[in-house]
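Chemist: If you want the building blocks of each chain, they are given just below.
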Amino acid sequence: MSDNNKTVVDIDRSVYDIKDVENEQDFYRMEDGFTEDIVRKISEEKHDPEWMKEFRLNSLKLYNELEMPDWGPDTDELDMNLISSYVRSKTDMKGKWEDVPEDIKNTFERLGIPEAERESLAGVGAQYDSELVYHNVKDEVADQGVVYTDMESALTGEYADMVHEYFMKLVPPTDHKYAALHGAVWSGGSFVYVPKGVKVDIPLQSYFRLNAAGAGQFEHTLIIVDEGADLHFIEGCSAPKYNVANLHAGCVELFVKKNARLRYSTIENWSKNMYNLNTKRALVEEGARMEWVSGSFGSHTSYLYPMTILKGDHSTMEYTGITFAGKGQNLDTGAKVVHQGKYTSSLISTKSISKSGGIGTYRSSVIINKEAKHAKTSVSCDSLMLDSISRADTIPGMDIRTDDADVGHEAKIGRISDEAVFYLMSRGLSEEDARAMIVSGFANPVSKELPLEYAVEMNNLIKLEMSGG
Amino acid sequence: MSEQSLLQVSGLSSAVEDLPILHDINLTIKAGETHVLMGPNGAGKSTLGYTLMGNPHYKVTGGSIIFDGQDITNDSPDKRAKAGMFLSFQNPLEVPGISLGSFIRNAYHEQTGKPVKLLQYKKQLAEAMDLLTMDGSYADRDLNVGFSGGEKKKAEILQMLMLNPKLAILDETDSGLDVDAVRTVSKGIQEYQKKKDGALLIITHSTKILEALHVDYTHVLVKGHIVTTGDGSLVEEINEHGFEKYVRCEGCDGCSPLK
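Protein chains in written order, with the numbering used here: chain L, 14 to 482; chain Z, 9 to 267.
Hints in this document: simulated from the structure, not taken from any laboratory.
There could be a bad hint or two in this list.
As the list claims (entries may be wrong) - Here are the simulated lysine-lysine pairs, BS3-like style, with alpha carbons at most 27 Å apart: (1) L:Lys285 - L:Lys254; (2) L:Lys461 - Z:Lys125; (3) L:Lys461 - Z:Lys131; (4) Z:Lys125 - Z:Lys202; (5) Z:Lys122 - Z:Lys87; (6) L:Lys461 - Z:Lys130; (7) L:Lys209 - L:Lys324; (8) L:Lys109 - L:Lys212; (9) L:Lys355 - L:Lys182.
Source: prediction; values computed, not measured.
One chain only, chain L, in its complex shape (with noise of 0.2 Å):
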């Protein structure tokens, strides 16, 4: 259609734009930059135990002496220097809902987290800037030896030799700079064990929330799903929008255990100021499955390659993900798969869209070792641009070391054809609606992926609401 004042519209994220200013005064905030002096702050400041304040003071060492990354999108307009690394709010972590502050449960409210653990949670975790405020679990999942806190608690608490042998082990602060960044200056985030053979029906859910202008997050999710163990745990994150340029560089480790099940859910929603320098890493055993779903909605630049390491034979792997780049975003996404073990499987299938100039950048690479006998691939990313000065790339990696691997790959580029728009006209759909039946289709793989919930949440998402019609 040449009516070219009729687009689909951008993410309506105005309940994620809610600022909470007036309060930000009683916070303890940190003084921005990275230096050791801030780093022993740090820990002194979250009582880490001996060998944690090391491994911060070591961290930060590879960070200095580290290059930034030498692909993907720029970050020069990033001033590490004006990044405060650690803001706490007033309050220490509650575990019951009445006693949050007044002004972060509206935040959280608005962004309905009480009601999806009411109705569909077996566990809710909330972080505001650096800290949880919030953590709950329900009865019955604690009374079946599931463990779900935060980080800090765990580092001390019953599991602490676990986190010891466990921390930064599969992302190792060695493995780029901001995963040393990310080593020195973590805080926040969830620790979640899942004892062998027990199966949690309902997800687990993080939601973690940046307000500080300014601020980095830097929360560690560290999850143990044990043999034979069957998880589903859910992260959300939004922020709303500042001037200054916010940072995020989490880190998430998951152990999937022999014969156990991980699936991992994210719904990301940062503000277009955020840089989400994000790493995920999954160690998968014998038997194995990890599934990773991934909505990437937000940022104003982001690198987030979820990588799963498929050690055990018979293991297997599952990505099913979708990144809307609109206007001023560069989203570099997608996926890597290293297959170790024999008779191993991965499967990844991500949908990209773009618009308004936005930026969409597919990034992939599977990995068969020459171990990996009898490995089977899948590779599939489409990508959907919704106007001409948008843009998506799409760059699949392949090492195949094997020579009996089942390999498949498959990449599409297009547009929204206007031959479509007018079909679905012709059975009486406007055009605003037929676009978005056609966004939304494009889309419905992921979403139905998703518990319903946060298919309605993806759904509001990418609200395809068209303007000028």
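Please arrange chain Z on chain L, whose structure you already have, making use of the hints.
Modeler: Showing chain Z alone in chain L's frame:
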């Protein structure tokens, strides 16, 4: 109602990217009538279907289209659909992520503005699919995605039966179909004919699909002109002799319709 024409096309000309395709088309269809539009490849038959339905790629350069008493010459396709016009596409588009069943329900809701009664809708859909020998599972499959040529055409006829338009334009619905599929599609068209005052404009260049259908008028389109109009027997004649005698006259500019 039968006295008043449902579709009144007067002096219609249209072009694609400044290339004139249709010239001075006059066509009147009354409620309940079945018209056949024939002509050799490239005559502009599909262009007429698209122009009537309002494909923005096809620009009206002259004349008017009156449908059910309203001038719809400049209306968008969705308005025409809501007024009761339907086009069965020659090459139906594939739309991933939307099931055939929910798409028809959506369209039905858009056209009637009424909430769809789910049970009744499902029953009706199942009956229509049965008539067209479509497996019920197609309702849950993505719209036309991975459908064979025959399945796509059946899905178009299914939409026609469910949406029950006042005028259905069928663009080459028989092309690329095997004998059995043509027969099935024809059965669907007969079902539509049986319904009250449903009118048809069947665009085709073969005659197989017409064998079991009652035809009121036949028009022959050559080089963007309707060169002759007759009754149903014209179909027989073309079946025997082809378009040769109509095509031959193309050399003379402004060629008058043959007797």
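Chemist: Each hint needs a verdict: does it hold in this structure or not?
Modeler: Evaluated hints:
1. For the hint linking Lys285 (chain L) to Lys254 (chain L), the alpha-carbon distance of about 6 Å falls within 27 Å, and the restraint holds.
2. This hinted pair checks out: Lys461 (chain L) and Lys125 (chain Z) have alpha carbons roughly 24 Å apart, not beyond 27 Å.
3. Note on Lys461 (chain L) and Lys131 (chain Z): the hinted pairing holds, with a Cα-Cα distance of about 26 Å set against a maximum of 27 Å.
4. Among the hinted pairs, Lys125 (chain Z) with Lys202 (chain Z) is consistent with the structure: their alpha-carbon atoms are about 24 Å apart, no more than 27 Å.
5. Of the pairs offered as hints, the one joining Lys122 (chain Z) and Lys87 (chain Z) holds, with about 16 Å between alpha carbons and a cut-off of 27 Å not exceeded.
6. With a C-alpha separation of about 22 Å, the suggested pairing of Lys461 (chain L) with Lys130 (chain Z) holds against the 27 Å cut-off.
7. Taking the CA atoms of Lys209 (chain L) and Lys324 (chain L), the gap is about 19 Å. The hint holds against a cut of 27 Å.
8. Restraint check: the Cα-Cα separation between Lys109 (chain L) and Lys212 (chain L) comes to about 25 Å, which is no more than 27 Å; the hinted pair holds.
9. Under the criterion of a C-alpha separation no larger than 27 Å, the hint pairing Lys355 (chain L) with Lys182 (chain L) is consistent with the structure, at around 23 Å.
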